[in-house]
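*Asks:* Chain by chain, the residues run as shown.
There are 2 protein chains.
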Amino acid sequence: MTDLSAPGHGFPESEFETRIARAQRIMREHEFDALLLTTPHDIRYVTGFETQFWESPTRPWFLVVPADGKPIAVVPDIGAPQMGRTWIDDVRSWQSPRPEDDGTSLLASTLAQLPRRFGRMGAELGREMSLRMPVIQFLDLRDALPGLEITDGSPCIWEARRVKTPAEIARIHYICQIASEAYEGLVSLISEGEHLREVCRKLSMDILRRGADAVPFLPAIAGPDGVPQIVCGPLDKTLEAGDIMFIDTGSTYDGYFCDFDRHWAVGDISDEAKRANAAVWDATEAGIAAARPGATVEDVFDAQSKVIEAAGSLGNNVGRMGHGLGMQLTEPPSNMPGDTTLLEPGVVLTIEPGMEFAPGRMIVHEENVLITEDGCELLTKRAPREMWRID
Amino acid sequence: MTDLSAPGHGFPESEFETRIARAQRIMREHEFDALLLTTPHDIRYVTGFETQFWESPTRPWFLVVPADGKPIAVVPDIGAPQMGRTWIDDVRSWQSPRPEDDGTSLLASTLAQLPRRFGRMGAELGREMSLRMPVIQFLDLRDALPGLEITDGSPCIWEARRVKTPAEIARIHYICQIASEAYEGLVSLISEGEHLREVCRKLSMDILRRGADAVPFLPAIAGPDGVPQIVCGPLDKTLEAGDIMFIDTGSTYDGYFCDFDRHWAVGDISDEAKRANAAVWDATEAGIAAARPGATVEDVFDAQSKVIEAAGSLGNNVGRMGHGLGMQLTEPPSNMPGDTTLLEPGVVLTIEPGMEFAPGRMIVHEENVLITEDGCELLTKRAPREMWRID
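Chains A and B supply the protein sequences, listed in that same order. Numbering that gives the first Met the number 0 numbers the first residue of the first sequence as 0 and each following residue consecutively. Numbering that gives the first Met the number 0 numbers the first residue of the second sequence as 0 and each following residue consecutively.
It cannot be assumed that every hint is accurate.
In the SDA-like style, the derived pairs of lysine to any residue whose C-alpha atoms are separated by at most 25 angstroms in a straight line are [unchecked claim]:
{"id": "1", "chain 1": "B", "residue 1": "K273", "chain 2": "B", "residue 2": "D301"}
{"id": "2", "chain 1": "B", "residue 1": "K201", "chain 2": "A", "residue 2": "E284"}
{"id": "3", "chain 1": "B", "residue 1": "K201", "chain 2": "A", "residue 2": "A5"}
For the record, the hints were derived by calculation from the structure and aren't laboratory data.
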């Protein structure tokens, strides 16, 4: 088990007061009278409301952040008792499912009562967001509120969530340590001939045993001397001598993700693959060195890209070299050309260089770092420069 | 381990041909020239494409089902290699993330080339669906295709998915059996004093050990002689004498869910709670008896409701008494007044009566059934009429 002690589940009310104060300051800059939130992560961010019931697509849930004061929840009856136990005082609910009006009129009347200064409300309409309600219902809501412009709130929401609080960082650090140690321990659990689905089953169980709450993302991919892609797996494949196995994980603790990968060589692999792996490890070092306050994420991309290019990369279908991390597996910003987001203390970032070193054979490394006052701090246990070996 | 043999992962091409033929027949009835799909379940339903990468909200993915012929995939580069290994021949991709045009123009040109007969395309805009792309991007797409009406395709999509194939049923049956046996075995893993998070950890690991692929939904809730709600948990609570513990699970195998719950008494509980539990068990029997071809889901609701009412129910914040089940934890139809969906062979339904038997104390049972030619078949192992006991 990890040396870090578990941060525990749930946050004091002061945590949410801090988050809302920050969000409302940013809302004023965006000239929003309110934010409308519908997604699991955004609703949990401001309320602490934790449920796995989001798996059911049947009922929409709503959370309104006004310009001043505490948020208002507008939720199905089934969720009202527990929402009433959060720090939210004003919980309104309706009997759902109700196909003819599944919360629309209750939400519209709630929004109509809010004070208006700018006449604008932000909603989850933009980049890296999907509204969790039927689009038709959203358009009906918009029509029901002619005096209120409902516009893209995603830049505002992402900005509010981008800088993590110490309590959030403690959770990300903890899950990073758990997954790091589970990765280290995997060599003793598996061997050549193991099916990739069994590899995933064993690793998932071990991550849970070590204290994670859930393992929503655990692709494992293997192929002769490299993998052709890194997002689909486990597929129908057993580990054979000469394979390189790639495993990535987004495991969670108290609502926060890690997101990093590791590689294993099954028996002997080629010198070409070893060289590529070392180059990508070096690119990670360069990315970590570049990740500091005042740098942009484009700078972090450039630092990694130089090393990869020098190593003879054929390209990289990932499209970037790292991204934000927190309540979701990937969050803005993106370490890529054109993203000039400035790094500041409290931002959690993945450093994720990758390259195709031969046609159909990729190596992608990943570590998670916290931007500090004068650089960055590794939240994961750094990968070894040479792959682990399985026999 | 369950007596059922594992159905295995993945489907032959003929399975997808069957699904698409059914979908295209229903599309013609709805007068659609195409369907636009963006969500994990809908895309997997027609392609077999399996990934956990949906956890990343950064990139939109698109799948177009034309009126005739095979679907066309329009996906980020990162997903193209594996999409090319499905039965789909036409895979188009773009380098993503690309904030200024994250697939919009490629998708618009793909749609513009399709033959038009009705001038209408269905998208995931309606009930029990959320579009998995930014709303702003959707509105841009709509503007880019002035001659094509993009309208609500959800009734068409849900109708296509409602009747399950034998291969789909085998998967739901298998995961139902795994979870049934894990529930039965739980009494030997836990005891009074156990924290609910530990209960969930142990049960999740056991469900995985028995062969499930994932356990995305496993709320455990406990309270003195009953629970006030059934969707949020585990919370910070240890099992104490006199508690009733409720656990529900949506575990998955090869992309298919089970969804059913069980109850445990910690030591002695009240006669009132025992009577309520027996009444809800009897209501489940009534629901199972009513679930047959030619009946509506409203009939299934009525059969359960009568028993619950006679037992003195104070109400039920769930809002219905069961629903469809398949690639998602809950699917249409809803067993509730006003839903007149006719049952037919191949439909998989949850039977889920519940009642508040005293203020703040609920009992909700659930089983999963398959509608057959002349009635229904239980896919879960029937709960005992008396709760299991933990000491």
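*Asks:* A separate judgement is required for each hint: does it hold in the structure or not?
*Replies:* Verification of the supplied hints:
no. : hint            : in the structure
1   : B:K273 / B:D301 : holds, 23 angstroms
2   : B:K201 / A:E284 : violated, 38 angstroms
3   : B:K201 / A:A5   : holds, 18 angstroms
Going through the hint list in order, the structure does not satisfy hint 2, though it satisfies all others.
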